[in-house]
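So the numbering used here is basically just the index in the sequence shown, starting at one, shifted up by 22.
There could be a bad hint or two in this list.
Cut-off 20 angstroms, straight-line C-alpha distance, at most; resulting in silico cross-link-like pairs (EDC-like, lysine to aspartate or glutamate) [to be verified]: (1) Lys228 - Glu116; (2) Lys144 - Glu235; (3) Lys228 - Asp169; (4) Lys183 - Asp169; (5) Lys145 - Asp42; (6) Lys145 - Asp134; (7) Lys183 - Asp134; (8) Lys200 - Glu176; (9) Lys144 - Asp169; (10) Lys183 - Glu235; (11) Lys200 - Glu74; (12) Lys145 - Asp39; (13) Lys200 - Asp169; (14) Lys228 - Glu74; (15) Lys144 - Asp134; (16) Lys183 - Asp196; (17) Lys145 - Glu116.
Quick caveat, the hints were computed from the structure, so don't treat them as lab data.
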Amino acid sequence: MRHRLGLLLSVDALLLDVHDARAQAWVEALAERGVRVRFPEVRQSVTLAPHELLNLTLGAGLDTPLGNETCERARTIFGMRYLSRIPPRYRARELLQAAIRSGMRVIVVSADSAETLLPILKKLEAESLIHRAIYPSKNDRVGSRRDLLRVALERAALTNKAAIQLTDSPDDVDGAAKLGVQSVALLSGGWTRNQLRGATIYDSPKALLESFETSPFASDPDDTAAA
23 MRHRLGLLLS
33 VDALLLDVHD
43 ARAQAWVEAL
53 AERGVRVRFP
63 EVRQSVTLAP
73 HELLNLTLGA
83 GLDTPLGNET
93 CERARTIFGM
103 RYLSRIPPRY
113 RARELLQAAI
123 RSGMRVIVVS
133 ADSAETLLPI
143 LKKLEAESLI
153 HRAIYPSKND
163 RVGSRRDLLR
173 VALERAALTN
183 KAAIQLTDSP
193 DDVDGAAKLG
203 VQSVALLSGG
213 WTRNQLRGAT
223 IYDSPKALLE
233 SFETSPFASD
243 PDDTAAA
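Construct all of the structure, not just a fragment, from the sequences and the given hints.
Right, here's the structure in full:
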């Protein structure tokens, strides 16, 4: 039997109510620039790549001064005003430990900068569990989650069948599917089973941990693909 070699992790899946906080940070950053957007509009799109979210809300790309400044301001607001209030989800760290025991390298895939990501890993008490963190450089031309995952596979030297993604976002599930990477999704992000269609779905990190031995994490990639 061949086992998974890499867990491509969206750390947001392991934090409580993080998407609400990120969306509010974007609403405030946009308001500072005179752009009024409704919270629900941003909330449903907050897991898009920053470039896509900027185009939707501001009509400017990440490669423009206005777009870049707005994105950085949203990250600053999130880190300064909201991150300290967000606890990890129950048994999130234990789930990462189980993945490592099964032989997987835990690879964080994030559009955030290292400065934004490190406090999140500290909150999860997960710094020592992460094999590496991958975020795009300006030369990577990352415009979507699919692009970000492609970069992660290349840098981690993983094939699509050797990797599996853990997320709570429909955009992540869709991006992974286009690359042939299987996703495990958690309902704890606020999206429905229908919106997460295409992934193997669990209610929470606790539920996934308790079913770990029968989950896609513990299965032969070829068996899973054939199912």
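Taken at face value, is the distance from the CA of Glu74 to the CA of Lys200 at most 20 angstroms? holds, 17 angstroms
Measure nothing beyond the straight line between the CA atoms of Lys183 and Asp134; if it is 20 angstroms or shorter, mark the hint as holding. violated, 25 angstroms
If you draw a straight line from the CA of Lys145 to the CA of Asp39, is it 20 angstroms or shorter? holds, 14 angstroms
Given the proposed pairing of Lys183 with Asp196, does the C-alpha separation stay at or below 20 angstroms? At roughly 16 angstroms apart (the allowed maximum being 20 angstroms), Asp196 and Lys183 satisfy the hint.
For the pair supplied as a hint, Lys228 and Glu74, is the alpha-carbon distance within the 20 angstroms limit? violated, 32 angstroms
Proposed proximity, Asp42 with Lys145 (alpha carbon, max 20 angstroms): Roughly 17 angstroms between the alpha carbons, so the hint for Lys145 and Asp42 holds.
Decide if the proposed pair is consistent with the structure: Lys144 and Asp134, CA atoms, cutoff 20 angstroms inclusive. holds, 15 angstroms
When you check the alpha-carbon spacing of Lys200 and Glu176, does it fall within 20 angstroms? Cα-Cα ~15 angstroms, so holds.
Measure nothing beyond the straight line between the CA atoms of Lys228 and Glu116; if it is 20 angstroms or shorter, mark the hint as holding. holds, 9 angstroms
Does the structure keep Lys183 and Asp169 at a Cα separation of 20 angstroms or less? holds, 17 angstroms
Regarding the pair Lys144 and Glu235, is the alpha-carbon distance no greater than 20 angstroms? Status violated; Cα separation ~27 angstroms.
Hint check: Lys145 vs Glu116, CA-CA at most 20 angstroms. Holds or violated? holds, 14 angstroms
Consistency with the previously given hints fails for numbers 2, 3, 7, 9 and 14, ordered from lowest to highest.
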